[in-house]
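Protein chains: 2
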Amino acid sequence: MAKDTVTAALILIGDEILSGRTKDKNLGYIADTLTGLAIELREVRVVADIEADIVDAVNAVRGRYDYVFTTGGIGPTHDDITADSVAKAFGVGIDFHPDAVAMLRERYGDAEINEARMRMARIPDGGELIPNSVSWAPGFKVDNVFVMAGVPKIMQSMLDVVAPKLERGKPLLSETVPAYVGEGDLAAGLARAQDTYPDVAIGSYPFEDGGRYGSNIVLRCKDRERLMQARAVVEKVVADAGTSDTAKAWS
Amino acid sequence: MAKDTVTAALILIGDEILSGRTKDKNLGYIADTLTGLAIELREVRVVADIEADIVDAVNAVRGRYDYVFTTGGIGPTHDDITADSVAKAFGVGIDFHPDAVAMLRERYGDAEINEARMRMARIPDGGELIPNSVSWAPGFKVDNVFVMAGVPKIMQSMLDVVAPKLERGKPLLSETVPAYVGEGDLAAGLARAQDTYPDVAIGSYPFEDGGRYGSNIVLRCKDRERLMQARAVVEKVVADAGTSDTAKAWS
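The listed protein sequences correspond, in order, to chains A and B.
According to the numbering used here, the first sequence is numbered sequentially starting from 1.
According to the numbering used here, the second sequence is numbered sequentially starting from 1001.
Rather than coming from a laboratory, the hints here were simulated on the basis of the structure.
Honestly, I wouldn't trust all of these hints.
[As the list claims (entries may be wrong)] Short derived list, chain B residues pointing at chain A, Cβ under 8 Å: (1) Glu1016; (2) Gly1020; (3) Asp1024; (4) His1078; (5) Pro1152; (6) Ile1154; (7) Ala1187; (8) Ala1191; (9) Gln1194; (10) Asp1199; (11) Ala1201; (12) Gly1203.
Just so you know, these numbers come straight off a predicted model, no measurement behind them.
Backbone N, C-alpha and C fix where the C-beta goes; we use that ideal spot for every residue, glycine too.
When you get a sec, could you build the whole thing from the sequences and use the hints?
This is the structure:
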């Protein structure tokens, strides 16, 4: 029987994200993709290129969620330690995977293949390859952990391969009610709506739009009827609040 | 005596980041700011608006790093549960802070102040306020945990207040050597450079720049002399690799 809810965690691996040198673009992309697949991303961690940190993060989340995705650290250089770290997290060996070796030999040819590039064919025992059409160097899957590249284009190519094979939950439907009023003028009504519809997640996200302030009220639920009932209640809360001077600024 | 290394963790709080609805802009900004302050960001977590998740994340990192920063969940609506969660993480009570009450009364006046907005004055016992000039609703500091807003402009205003008071480490100096060659042609030389300079962190970050591929080799060390020695070695590795056909694509 299909599960109602399928969950995931994401681990972004790389010193460069923590130092600010690289601005991560994978979190938002993966979050959107998983939401589109009706898989709920429940937790994200960003960790450094340190084996113990990667091992700890993988082991902390892989038992808690249906899927774990990682990005980064699977290239040919000495600072690419994700494959070894994932092998260690699972307590398995790591060796050259014949199919990965073949992919890299085809990609680079005899002239360019070398020991460093061949490192990208080292896959934890039992791992299944995740091919990609951009760099050809594969990611891999061990149990419920999907190990992908850090370069967004390459990661996206891998996610395209992985996505169709993932189990999906029942979609979380979403409705947004914009309000041009301070959140504080909506809060009491929203709290009552949330109490009445505990099965609908109601969130308030303040925005500024060209000097005009307001808040998007986002409702999420797997049942369309309940969602639309709650939406009607929230619309009344927003209408009753009108617009206020407070909407000249936040909250 | 000043510490050589000051460390930090960051917790981004909010369902909307995990769903992809909001694309986080705080991680990169805070990472850059901390690097500029010679504070090393070692770990980031993104967690949902769920009390247990926030409590667990705060308690997992607050003993491991010198500072913890959080963003999100301190507004006036029912889904803003960060203050209560942080109080719970520390096992302390939470109540209206007189200075926060005064700030909010001044900001909103009698006409606009209400119970919801007053919620933003609830601060865990022992907490010190972090004022901000954008929304006036304060963040707060409990022990080594700095609780800030999720709206980037407001968070940045709070970080401006906090930054001058933070202890700083010895700056991590950074040099970048660009290479227009596949990483795989540099990897052996870089690994040898890393072995020779274990005190210099050497990372390789592939890029694509208008169809031209290459990799930025980033060296980081607190000692300028060692850094520049390692840089010279890396420059030779890059020069010896020349440019290769592989630079037409990744790795």
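Hints versus structure:
{"no.": "1", "hint": "Glu1016", "in the structure": "holds (6 Å)"}
{"no.": "2", "hint": "Gly1020", "in the structure": "holds (3 Å)"}
{"no.": "3", "hint": "Asp1024", "in the structure": "holds (7 Å)"}
{"no.": "4", "hint": "His1078", "in the structure": "holds (4 Å)"}
{"no.": "5", "hint": "Pro1152", "in the structure": "violated (10 Å)"}
{"no.": "6", "hint": "Ile1154", "in the structure": "holds (6 Å)"}
{"no.": "7", "hint": "Ala1187", "in the structure": "holds (3 Å)"}
{"no.": "8", "hint": "Ala1191", "in the structure": "holds (4 Å)"}
{"no.": "9", "hint": "Gln1194", "in the structure": "holds (5 Å)"}
{"no.": "10", "hint": "Asp1199", "in the structure": "violated (15 Å)"}
{"no.": "11", "hint": "Ala1201", "in the structure": "holds (7 Å)"}
{"no.": "12", "hint": "Gly1203", "in the structure": "holds (5 Å)"}
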